[in-house]
Structures are given as C-alpha cells and as structure tokens.
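Protein chains in written order, with the numbering used here: chain R, 13 to 426; chain F, 360 to 587.
Watch out, some of these pointers could steer you wrong.
[To be verified] Covered stretches of chain R (in silico footprint by chain F; criterion: 3 or more residues with CB under 8 angstroms from a CB of chain F, positions within the stretch not fixed):
# : region
1 : 138–150
2 : 337–345
3 : 412–420
[Unchecked claim] Examples of chain F residues toward chain R, derived with CB under 7 angstroms:
#  : residue
4  : 370
5  : 413
6  : 414
7  : 429
8  : 430
9  : 434
10 : 437
11 : 452
12 : 456
13 : 465
14 : 466
15 : 468
16 : 474
17 : 476
18 : 493
[To be verified] Facing chain R, a subset of chain F residues (Cβ under 8 angstroms, in silico):
#  : residue
19 : 384
20 : 422
21 : 440
22 : 441
23 : 457
24 : 470
25 : 482
Since the hints were made in silico from the structure, they are not lab data.
Ideal placement from N, C-alpha and C gives every residue a C-beta, glycine not left out.
As a plain string of letters, each chain reads:
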Amino acid sequence: MRFLFDSDTWQEIYGSIRKNKVRTGITIIGVLWGIFLLVVLLGAARGMENGFKKLFGDFATNSVFVWTQATDTPFKGFQKGRRFTLNTNDIEVLKSQYSKEIKLLAPRNQTNNLITHNFKSGSFKVSGDYPILDQIQKKKLIYGRFLNENDILSTAKVTVISEDMYKQLFNKGTMPIGEYIKINAINYKVIGVYEPSSTINFDGDCAYIPFSTFKKVYNTANKIDWMMITANEGTDIAQMESDILLTLKSLHKVHPEDKRAFGSVNLGKEIGKVTGFLTGMQFLTWFVGIATLIAGVFAIGNILLITVKERTKEIGIRRALGATPKSIKQQIILESVFLTTIAGMLGIVFGGLTLFIIDLKFGQGVDAALVNPTVNIPIILIALVVLIILGTLIGLIPAHMATVIKPIEALREE
Amino acid sequence: MIKIEKLHKSYPIGKDSLHVLKGIDLHIKEGEFVAIMGSSGSGKSTLLNIVGLLDEHDEGDYYLNGQLIKNLNEKKAAILRNKFLGFVFQSFNLISYKTALENVALPLYYKGMKRKERLQIALDYLEKVGLKDWANHLPNELSGGQKQRVAIARALVTKPKVVLADEPTGALDSTTTDSVIDLLKDINEEGMTVFVITHEEEVAAQTKRIVRLKDGVIISDELTKSKK
Ligand SMILES: Nc1ncnc2c1ncn2[C@@H]1O[C@H](COP(=O)(O)OP(=O)(O)OP(=O)(O)O)[C@@H](O)[C@H]1O
Ligand SMILES: [Mg+2]
Numbered sequence: 013m014r015f016l017f018d019s020d021t022w023q024e025i026y027g028s029i030r031k032n033k034v035r036t037g038i039t040i041i042g043v044l045w046g047i048f049l050l051v052v053l054l055g056a057a058r059g060m061e062n063g064f065k066k067l068f069g070d071f072a073t074n075s076v077f078v079w080t081q082a083t084d085t086p087f088k089g090f091q092k093g094r095r096f097t098l099n100t101n102d103i104e105v106l107k108s109q110y111s112k113e114i115k116l117l118a119p120r121n122q123t124n125n126l127i128t129h130n131f132k133s134g135s136f137k138v139s140g141d142y143p144i145l146d147q148i149q150k151k152k153l154i155y156g157r158f159l160n161e162n163d164i165l166s167t168a169k170v171t172v173i174s175e176d177m178y179k180q181l182f183n184k185g186t187m188p189i190g191e192y193i194k195i196n197a198i199n200y201k202v203i204g205v206y207e208p209s210s211t212i213n214f215d216g217d218c219a220y221i222p223f224s225t226f227k228k229v230y231n232t233a234n235k236i237d238w239m240m241i242t243a244n245e246g247t248d249i250a251q252m253e254s255d256i257l258l259t260l261k262s263l264h265k266v267h268p269e270d271k272r273a274f275g276s277v278n279l280g281k282e283i284g285k286v287t288g289f290l291t292g293m294q295f296l297t298w299f300v301g302i303a304t305l306i307a308g309v310f311a312i313g314n315i316l317l318i319t320v321k322e323r324t325k326e327i328g329i330r331r332a333l334g335a336t337p338k339s340i341k342q343q344i345i346l347e348s349v350f351l352t353t354i355a356g357m358l359g360i361v362f363g364g365l366t367l368f369i370i371d372l373k374f375g376q377g378v379d380a381a382l383v384n385p386t387v388n389i390p391i392i393l394i395a396l397v398v399l400i401i402l403g404t405l406i407g408l409i410p411a412h413m414a415t416v417i418k419p420i421e422a423l424r425e426e
Numbered sequence: 360m361i362k363i364e365k366l367h368k369s370y371p372i373g374k375d376s377l378h379v380l381k382g383i384d385l386h387i388k389e390g391e392f393v394a395i396m397g398s399s400g401s402g403k404s405t406l407l408n409i410v411g412l413l414d415e416h417d418e419g420d421y422y423l424n425g426q427l428i429k430n431l432n433e434k435k436a437a438i439l440r441n442k443f444l445g446f447v448f449q450s451f452n453l454i455s456y457k458t459a460l461e462n463v464a465l466p467l468y469y470k471g472m473k474r475k476e477r478l479q480i481a482l483d484y485l486e487k488v489g490l491k492d493w494a495n496h497l498p499n500e501l502s503g504g505q506k507q508r509v510a511i512a513r514a515l516v517t518k519p520k521v522v523l524a525d526e527p528t529g530a531l532d533s534t535t536t537d538s539v540i541d542l543l544k545d546i547n548e549e550g551m552t553v554f555v556i557t558h559e560e561e562v563a564a565q566t567k568r569i570v571r572l573k574d575g576v577i578i579s580d581e582l583t584k585s586k587k
C-alpha cells in the first residue's frame with residue numbers, strides 16, 4: 013500500500029490522465045451520470061414519499077372511522093332501510109372487547125350552527141369531542157390549548173376554533189383567548205385557536221367543544237354520530253375493522269352480511285394503496301439506479317480495455333525499462349479507481365445540487381409535490397464504493413491483458 | 360557477459376512454425392562492442408530480443424551475467440532488464456507525453472529511486488548526450504537524432520551491463536548517425552558491453568566485432584580493424 017502515498021505514483025497517473033483527455037472525460041461522464049441519476053432518482057422518490065407522508069401527516073395512519081347509515085337487509089323482524097344510531101354503550105362494549113387492539117377511541121357528535129361574536133357571525137360546524145381527538149388528528153394551536161379532561165368532567169362551555177373562524181369573528185389584532193362567542197345563542201369561552209390542517213381534513217372550520225357539553229346542550233343523550241378508532245402497534249387493522257363492525261352489527265340487530273348499515277373508512281388501507289405505489293417507485297428507482305451503475309462499471313471496464321490497447325506500446329516500453337507486471341497493474345487500477353472516485357464524487361455533488369434546485373422549485377409551500385427530497389449519504393457512499401470495487405475488478409481484466417503478452421509483442425504494436 | 364549455446368527459436372504461424380534461429384552459439388565478454396549484420400529476415404532482431412529478455416527462446420542455453428535464463432517469470436525478467444540491460448530502438452520508443460528528462464528518469468522510477476535523485480541523475484545523463492538544454496521538451500519537439508540521444512541517455516541511466524540497440528541509426532541521416540555512433544563508442548570506452556544491430560557497413564566498421572547472420576545461423580564472426 014506504500015505506493016499509494018508515493019508522490020511518483022500520482023505523478024504517473026496525473027501524466028497519463030492529462031495525456032488521455034478524451035478517455036478521461038468519457039470515463040468521468042459515464043460514472044458521474046450513473047451516480048447523478050441514482051442521487052436524483054432516490055432523492056425525488058424520497059421527496060414524493062415525504063409529500064405523501066405529509067399529506068397524511070396529521071392523522072394517525074392506523075385509524076378507522078365508523079358511522080351508521082340505513083340497513084339494506086331485513087333482520088330479526090326489522091324491515092330493510094331502518095335507520096339507527098351509535099351510542100355510548102357501543103363505546104363501552106368495544107373498549108372492553110377489543111382492549112388489546114384499540115389504542116384510542118373517540119366518539120364524536122357534530123352539527124352546524126350559527127356562531128356570533130359581537131356583530132360578526134358565520135355558520136360553522138360544531139363538534140363535541142374528547143381530548144384524545146388531538147392524538148388522532150394533531151391540532152396545531154396558534155393560541156391557547158385544546159380541550160382537556162377537566163373540560164369534559166365539568167361540562168365546561170369552552171371552545172377551540174379555527175384560524176379562519178377567528179379571522180371572521182374577531183377584529184384584527186384582538187386576543188381571542190378568554191373572549192366569549194355565541195354558538196346557537198349560548199356563550200362559550202374561546203380557549204384555543206388552531207391552524208387548519210393543510211392536508212386531509214374531515215372537519216373543515218369547526219368549533220370544538222367538550223363531548224359532555226355537546227351532549228347536554230344538544231340533548232343527544234347516549235347517541236353518537238360517529239367514532240374514530242386507532243389501533244395499537246402490530247394490530248391487523250383490516251381485521252380489527254371487520255371484527256368491530258360485526259360486533260356493532262350484533263349490538264344493533266343488523267344482519268351480519270349487511271353492507272350498508274355501517275359506513276367505515278380504514279385510513280390504513282387507503283394509505284396502503286399509496287405506500288404500494290411508493291414501494292413500486294422505490295423499486296423502480298433502485299432498478300434504474302443499479303442498472304445505470306452497472307452500465308457505468310462496464311463503461312469503465314470498456315474504456316480501460318481501449319486504454320490498455322491504445323497504450324500497449326507504452327506499456328511495452330515501460331516493461332522494457334523494467335516495469336514489473338505488478339507496477340503496471342497497480343497503475344492501471346489506481347487510475348481507474350482515481351477516476352471513478354472523482355467522477356462519483358462529482359456525481360454526488362451535482363446530484364445534491366439538482367435536488368437542492370428541485371427542492372427550491374417544487375418543494376416549497378404547503379401543497380408542494382415533493383417534500384424534502386434527500387438521499388441517504390451512507391446509501392450513496394455504498395453505491396460509490398460498490399462502483400469503485402466493481403470498476404477495479406473489471407479493470408483487472410485489461411490490466412492482466414497488458415501484462416500477459418510478451419513485452420516484445422507489446423513493443424511491436426503500433 | 361552473454362553466453363549463448365545452440366539457441367533455437369521458432370515462431371508459430373498457423374499450424375506450421377517458422378524456424379528463425381537455428382542453433383546460434385555466441386559468446387560476448389564484458390566490454391565488447393559487437394555489431395550484428397545480416398539480410399532482412401535473417402533473425403537479428405529475434406536474437407537481440409531474446410538476449411534482451413523481451414522474448415523467450417525455445418531450445419539451447421542462454422546465460423546472462425552468468426545466470427541461466429530459463430522459465431523466467433515476468434517479474435524476475437523485469438528486474439533483470441532494469442538492472443542489467445539498456446535498450447535503444449530504431450523508432451526511439453520515447454513516451455510521448457513525458458518530457459525528455461522524465462523519459463530518461465523512468466527506468467530509475469522502476470528501480471525505486473526517489474524523484475529528486477533520479478531527476479538529478481537523468482539530467483546528468485542528458486548533459487552527457489548533449490541535450491541538457493532540451494530537458495523539458497516533449498519528444499515531438501525533438502529531431503530524430505535528438506530523440507535517439509534521449510533514448511540512449513535513458514538506456515544508460517541505470518548503468519546497465521549491456522546496451523542493446525536494434526538499428527539505432529536506422530531512422531537517422533548520416534550526420535546524426537555519426538553522433539549516435541560516437542556516443543555508443545564513448546559508452547563502450549567506459550566499459551559497457553554494447554550489442555548493436557545494423558545494416559550499414561560504415562556503422563559496423565566502427566565497432567570492434569562483427570557477427571553476420573544468414574537464415575538463422577552465424578556465417579561469420581570476426582574482429583574489425585578498429586579493434587586494436
Ligand atoms: N512475432 C512473429 N511472428 C511470426 N514471425 C515472426 C515474428 N517476428 C519475426 N518473425 C519472422 O522471423 C523472421 C526473422 O525476423 P527478425 O525480425 O528477427 O528479422 P531481422 O533480421 O531483424 O530483419 P530486419 O533486418 O528486417 O529487421 C522473419 O522472417 C520474420 O517474418
Ligand atoms: Mg529487425
């Protein structure tokens with residue numbers, strides 16, 4: 013390995029690289045393009061993935077939503093088309109029966125009301141919720157706080173409103189926290205203002221009030237409109253969804269095969285479709301990337317082969333002057349490793365710059381197509397190392413060829 | 360220095376083989392200045408290449424500096440070439456992208472000598488062949504005679520025991536031929552063995568011994584008048 017630190021070795025390499033500018037250029041471009049493509053593709057794929065993640069970002073991705081509709085099958089003396097509602101009893105049953113699977117269960121009641129503050133007003137959704145809603149669908153608060161357990165227990169007349177509602181109902185610059193707004197002519201104290209979610213949003217502009225308060229004010233008794241359920245880690249969500257629906261069907265005397273009685277959305281399943289697409293993308297990226305790299309390696313090998321052929325005479329001269337096969341091989345291989353490394357690093361730099369520009373162009377703002385398009389440095393370094401190793405191995409072929417022929421045959425070459 | 364006994368060499372040509380050297384016996388002592396002559400295709404280059412370890416013989420014995428050359432691997436051959444032999448070719452064979460100085464220094468690189476030291480020695484040798492001022496020129500900036508003198512400096516730089524020259528003046532005009540021959544004579548004067556192939560009687564006449572080849576055998580081997 014001492015030859016690596018010998019300035020003469022590098023002098024020799026510098027000399028031959030400078031001499032063979034075209035070859036050097038082609039090799040560098042070949043490898044540079046491979047690594048560049050890999051970096052940009054991986055980065056773009058990552059950016060898309062991040063974009064999708066952000067889209068679902070505020071939501072717990074393992075959630076199931078359940079609500080009731082009308083039955084489509086007569087059962088136990090009931091006609092088809094019967095309407096019914098979920099109730100608090102269902103919640104208790106599900107919680108105890110699926111204590112292992114269910115992580116959070118948030119029953120919800122919603123309605124639309126006129127909301128006024130001084131002389132400003134608007135019609136908005138009003139939602140009775142539990143504090144755990146914040147864990148299922150993260151609320152980013154600009155002012156104040158979200159509902160808490162105390163608000164539920166004390167059936168407090170408090171509300172958390174959206175930023176748009178705040179703008180519509182309040183004068184610019186007024187502090188909303190502690191102010192009172194009228195929902196359906198009843199006073200509620202504003203305790204928080206949240207930023208609207210840029211992504212999936214079921215609620216829109218909605219005034220959140222404690223579930224217990226909603227129940228009292230709107231006299232809903234045990235009735236609930238719908239529920240959000242999140243699963244524990246490792247639970248088969250699709251299985252949980254169908255199990256829960258079956259339980260609910262039996263609780264509400266609905267035919268087990270009834271397709272319409274309950275509506276449900278399994279967010280995990282929806283995301284799964286997108287994830288499948290992303291996996292495909294990633295596979296494609298790797299496929300293209302690896303194919304490009306292999307092509308790059310062959311390009312190096314091929315160019316080395318041409319080089320060695322072109323330089324057969326020079327190699328013959330060197331051998332006549334006392335160059336051992338080892339020193340010839342060392343030089344050819346070191347040259348290839350050196351070129352590959354330089355080209356690879358340039359590829360990484362250009363790829364990085366391109367990703368940076370892509371990020372500036374497409375990665376800004378809330379509805380960006382790509383979010384944070386980055387690549388794993390270790391992955392790229394591994395790719396580079398693999399490229400160098402393969403380049404070296406393939407470089408061994410022409411290096412070997414350069415030394416198996418007799419020096420006189422090499423010298424005879426024109 | 361060089362001892363050859365019953366040396367045979369054939370080149371395979373398709374299924375047949377061309378018998379080029381047909382039992383050569385030749386003994387060259389240290390300090391001799393030998394010219395090989397003979398018509399084209401008589402096997403002169405073949406003999407010189409075998410002597411120079413650039414090619415292998417088929418039969419017979421070859422001793423270089425007392426060492427029997429047999430089944431030599433490339434590494435050992437390279438080391439022997441570097442240590443004992445210096446080559447001068449008809450077509451100069453300088454490396455085109457290296458300066459005269461770097462070309463001359465190259466054998467010392469393979470000897471493992473430090474850069475500064477070898478460039479100094481190379482410069483001394485360039486001075487010796489009268490090309491000190493051309494040290495930093497590339498070969499294509501030099502005339503044929505100058506190129507051949509650079510090549511001679513390169514052959515000498517490792518202080519070899521034997522200098523092998525295959526038609527060193529073949530590509531030169533008569534004036535430059537004389538300067539190259541004078542150089543070879545000087546080298547020989549210093550005690551180096553010089554072994555040169557030539558077609559020109561005037562060149563051969565200035566050596567001390569002429570060996571004539573015909574169809575792969577030695578037909579005459581005599582000392583010249585210049586040999587006192
Ligand atoms: N590599 C080879 N393969 C086949 N035949 C060869 C090879 N090298 C030389 N020969 C043949 O061997 C014979 C002797 O060649 P050689 O080069 O030794 O001749 P030479 O005496 O040096 O001639 P010249 O004066 O033209 O240089 C020739 O007939 C040539 O064609
Ligand atoms: Mg010849």
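>> Output the indices of the hints that this structure fails to meet, ascending.
In response: 1, 4, 7, 8, 17, 18, 19, 20, 25
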